[in-house]
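Sequences and hints are given; from them, build the entire structure.
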Amino acid sequence: MYKKFIVLPILFFLMINFALPRQIQRQVISGESLYEWSGSDEVSLQSQFVGMVMGVHDAFNELMFCTKDGVSQPELVLVVREFLVKNSELTQKSAADLIRQALTEKYRCGKR
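Counting in the working numbering, the sequence shown runs from 1 upward without gaps.
Hints are computed from structural coordinates only; laboratory data are not their basis.
Among the hints, erroneous ones may be present.
Said to hold, decoys possible - Computed cross-link-like contacts, SDA-like style, restricted to lysine to any residue with a CA-CA straight-line distance of at most 25 Å: (1) K93 with E42; (2) K86 with D58; (3) K68 with Q101; (4) K86 with R100; (5) K68 with V79; (6) K106 with Q73; (7) K86 with A96; (8) K68 with S33; (9) K68 with V28; (10) K86 with E75.
Just so you know, these numbers come straight off a predicted model, no measurement behind them.
Have a look at this one:
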């Protein structure tokens, strides 16, 4: 009877430890995927690219870079797309890191 109470928590703990790293790894989008999406003719991949760019923009604007009020979505997407073309050797980084780097280089914050 008591063995069940000992074995079940141990099994649960082991299952979580093996599943969690895989889950985390799946949540990180690679720079290679971002580069592929940026040049794709497929509408769904283009949408993923735009969504990723806008998500990173909304999360980090005025923290790591500062875009002005008049900056449009197509302009942000173009900035990231051009950055990826010029820096294709950086695709081993995560997609979010590449987008942050592109936007930081283009839209540096002034003195705070």
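Here is what the structure says about each hint:
Between K93 and E42, the direct Cα distance comes to roughly 23 Å. Compliance with the 25 Å bound is thereby established for this hinted pair. Annotation: proposed proximity of K86 to D58 holds, straight-line Cα distance about 24 Å (limit 25 Å). Among the hinted pairs, K68 with Q101 is consistent with the structure: their alpha-carbon atoms are about 17 Å apart, no more than 25 Å. Between K86 and R100 the CA atoms are separated by roughly 15 Å; this keeps the pair inside 25 Å, and the hint holds.
With a CA separation close to 14 Å, the supplied pair K68 and V79 stays within the 25 Å bound. At roughly 14 Å between alpha-carbon atoms, K106 and Q73 fall within 25 Å of each other, so this suggested pair holds. Straight-line distance between C-alpha atoms of K86 and A96 comes to about 17 Å, which keeps the hinted pair within the 25 Å bound. Only pairs whose Cα atoms come within 25 Å are accepted, and K68 paired with S33 is rejected, the gap being roughly 28 Å.
Pair hint K68 plus V28 does not hold up; C-alpha atoms about 28 Å apart against a cutoff of 25 Å. With a CA separation close to 17 Å, the supplied pair K86 and E75 stays within the 25 Å bound.
When each numbered hint is compared with the structure, violations occur for hints 8 and 9.
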